[in-house]
Structure formats: structure tokens, C-alpha cells
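The primary structure of each chain is shown beneath.
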Amino acid sequence: MTEVVFEIEGVKKVITFLNRKAPYGTIYALEVLESVLITAAFEQHANIVFVDDGVYQIKKGQDTAALEMKNFLPTYGIIEMEKEDADEDEDMDMNWRIIVEKESMEARGLTADDFKIDVEVLSSAELAEVLETSDAVIGG
Amino acid sequence: MAAYNVNGNDIEHDEEGYITDVSQWNMDLAQIIADAEGLDMTDEHWAVVNFLREYYNEYQIAPAVRVLVKAIKKQFGPEKGSNKYLYELFPYGPAKQACKVAGLPKPTGCV
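Just so you know, the protein sequences line up as chains S and U, in that order.
Heads up, the first sequence is in the numbering used here, so the first residue is 1 and it goes up one at a time.
Heads up, the second sequence is in the numbering used here, so the first residue is 1001 and it goes up one at a time.
Just so you know, these hints were derived from the structure itself, not from any lab.
All residues carry an ideal CB built from backbone N, CA and C; glycine is no exception.
It cannot be assumed that every hint is accurate.
[What the hints assert, rightly or not] Some chain S residues close to chain U (C-beta under 7 Å, calculated; not the full set):
hint: 1; residue: G25
hint: 2; residue: P74
hint: 3; residue: T75
hint: 4; residue: V121
hint: 5; residue: A125
[To be verified] Residues of chain S clear of chain U, computed beta-carbon distances all greater than 12 Å:
hint: 6; residue: K21
hint: 7; residue: A40
hint: 8; residue: A41
hint: 9; residue: E43
hint: 10; residue: E68
hint: 11; residue: K70
hint: 12; residue: N71
hint: 13; residue: I78
hint: 14; residue: D87
hint: 15; residue: R97
hint: 16; residue: K102
hint: 17; residue: M105
hint: 18; residue: D114
hint: 19; residue: L131
hint: 20; residue: I138
[As the list claims (entries may be wrong)] Lysine-lysine pairs mimicking DSSO-like chemistry, simulated, CA-CA at most 30 Å apart:
hint: 21; chain 1: U; residue 1: K1070; chain 2: S; residue 2: K116
hint: 22; chain 1: S; residue 1: K21; chain 2: S; residue 2: K102
hint: 23; chain 1: U; residue 1: K1096; chain 2: S; residue 2: K83
hint: 24; chain 1: S; residue 1: K13; chain 2: S; residue 2: K102
hint: 25; chain 1: U; residue 1: K1074; chain 2: S; residue 2: K13
hint: 26; chain 1: U; residue 1: K1084; chain 2: S; residue 2: K60
hint: 27; chain 1: S; residue 1: K83; chain 2: S; residue 2: K60
hint: 28; chain 1: U; residue 1: K1070; chain 2: U; residue 2: K1096
hint: 29; chain 1: S; residue 1: K21; chain 2: U; residue 2: K1106
hint: 30; chain 1: U; residue 1: K1074; chain 2: S; residue 2: K102
hint: 31; chain 1: S; residue 1: K13; chain 2: U; residue 2: K1084
hint: 32; chain 1: U; residue 1: K1070; chain 2: S; residue 2: K13
hint: 33; chain 1: S; residue 1: K116; chain 2: S; residue 2: K60
hint: 34; chain 1: S; residue 1: K59; chain 2: S; residue 2: K116
hint: 35; chain 1: U; residue 1: K1080; chain 2: S; residue 2: K21
hint: 36; chain 1: S; residue 1: K12; chain 2: S; residue 2: K83
hint: 37; chain 1: S; residue 1: K70; chain 2: U; residue 2: K1084
Make the full structure from the sequences, and use the hints.
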């Protein structure tokens, strides 16, 4: 049997997570969120992007009781915490950006104040630049 | 379902000893679970348990071990800020055993 060895020492990539779907109804949002948290464990650079209905994932004041599903809105706070932690810790080489696409946000009547976590609002054109400079884009 | 008896109240737990309702946790219960696990609870044990509870209350999931190590390092100094030290406190693993004492659901992930 061939032994599989993962060489991760010194590997540093820019991974963009593209959240495009509403938080409940499909498993995409939760799965991407878990992937983002794993990215922190490996100290990789990440852009966590919310576009289309994905902007609803971080909207404040969600109530999932009627869905009989766990409300995982608070868990997005970890992304903000990990980002701040990495920004403050000089020994850590991990650059994270939390981005909301302006057009998606405005089309849904939302502003940056409607979100549970601090975000950068970028235009579609500016977001294209972010995608262009990523090593990998993971859609969800 | 099996239950812990705490001061006359039954608190249900699953087959592995994790309580099923996080909100029913209290320190007396934690002590009972710790005794059952054979843990001699020190200030450091309680610090881990309290950190897990605060983190869970805020984010609704258990922290990554890496995050826990960092928090303990901040509170007790670099010599205690290691995965090894956490295993000395909780020989069956900080994630599984400490979460059980803290009343959190059994962790599903490995990070």
C-alpha cells in the first residue's frame, strides 16, 4: 500500500470561500463555515465572502425555532474572533478578510449594520479582483 | 435514559455520559461527572471547564483545541499553554473529557 504523506509545513495559500446560499434549507452554509474554521487550524490566508442570498447567512436576529434547526449564526462570530486574533498576533502569518458584495447586499435592502460580524463591503468589480488573486476558490 | 442525580434532581445523559441539555449544567454536576471520570479538579481544570462553557455560550460550538491551548496559555503562562499539559489535566483528551465535565455536547470534529 502506498503511504500518503501530506506536506503542509510552510505551505501558505489564499483560499476564498464563496458563500452564495441562504443559511437554512441546504447544508452548504454550515459546511463552508466548518471548512473556514479548519482553515484557521492550518493558519492559511482566507477571504470569507458573502454574495447573492449568502448575505443572509450573517444577518442579525435570526430565529430558527420554527425550522427545528440549531441557529448557527453565533458560530460566525468565531470567524471574526480568529481574524482579530491573527491581526493582533505578530507571530501569526494569517490574513483573513470578511467580505460582503455590495450589489447583493443592496438588492436585499441590507446595510453593513445588519450583519452579526464586521465586514468589508466590496463592489462586484473589486470582488472579481479578490477572486483573481486567490489560489483556490471554494463555492458553497 | 440514564441520568445523573444532582441534589435530588435527575439530569439526563447519553450512553457516554454527556448531558443532553446544556442548560441543566451546574458546578455540582460537573463535580459528579469529574468524580466518575476519576479527575481531581484543580483550579486549572476549572479554568478549562469555564473557558469551554463561555466559548460555547458565545459561539454555540466547542472551541478548537488550538484555541483552548491559547486561552490557557494566556491565563496560566507559557509552560501550561500546550496540548501536552491539557492531556495531563484530562488524560482522555481535553476535547472529549473536558467537554463532558463542562456539559457540552460530544465534539464531532478532530480539530
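Verification of the hints:
no.: 1; hint: G25; in the structure: violated (19 Å)
no.: 2; hint: P74; in the structure: holds (5 Å)
no.: 3; hint: T75; in the structure: holds (5 Å)
no.: 4; hint: V121; in the structure: violated (24 Å)
no.: 5; hint: A125; in the structure: violated (34 Å)
no.: 6; hint: K21; in the structure: holds (20 Å)
no.: 7; hint: A40; in the structure: violated (7 Å)
no.: 8; hint: A41; in the structure: violated (4 Å)
no.: 9; hint: E43; in the structure: violated (9 Å)
no.: 10; hint: E68; in the structure: holds (16 Å)
no.: 11; hint: K70; in the structure: violated (7 Å)
no.: 12; hint: N71; in the structure: violated (7 Å)
no.: 13; hint: I78; in the structure: violated (5 Å)
no.: 14; hint: D87; in the structure: holds (15 Å)
no.: 15; hint: R97; in the structure: holds (20 Å)
no.: 16; hint: K102; in the structure: holds (28 Å)
no.: 17; hint: M105; in the structure: holds (24 Å)
no.: 18; hint: D114; in the structure: holds (20 Å)
no.: 19; hint: L131; in the structure: holds (26 Å)
no.: 20; hint: I138; in the structure: holds (17 Å)
no.: 21; hint: K1070/U x K116/S; in the structure: holds (25 Å)
no.: 22; hint: K21/S x K102/S; in the structure: holds (16 Å)
no.: 23; hint: K1096/U x K83/S; in the structure: holds (26 Å)
no.: 24; hint: K13/S x K102/S; in the structure: holds (26 Å)
no.: 25; hint: K1074/U x K13/S; in the structure: holds (28 Å)
no.: 26; hint: K1084/U x K60/S; in the structure: violated (39 Å)
no.: 27; hint: K83/S x K60/S; in the structure: holds (19 Å)
no.: 28; hint: K1070/U x K1096/U; in the structure: holds (18 Å)
no.: 29; hint: K21/S x K1106/U; in the structure: holds (28 Å)
no.: 30; hint: K1074/U x K102/S; in the structure: violated (38 Å)
no.: 31; hint: K13/S x K1084/U; in the structure: holds (29 Å)
no.: 32; hint: K1070/U x K13/S; in the structure: holds (23 Å)
no.: 33; hint: K116/S x K60/S; in the structure: holds (5 Å)
no.: 34; hint: K59/S x K116/S; in the structure: holds (6 Å)
no.: 35; hint: K1080/U x K21/S; in the structure: violated (42 Å)
no.: 36; hint: K12/S x K83/S; in the structure: holds (16 Å)
no.: 37; hint: K70/S x K1084/U; in the structure: violated (33 Å)
Hint compliance for this structure: hints 1, 4, 5, 7, 8, 9, 11, 12, 13, 26, 30, 35, 37 are not met, and every other hint is.
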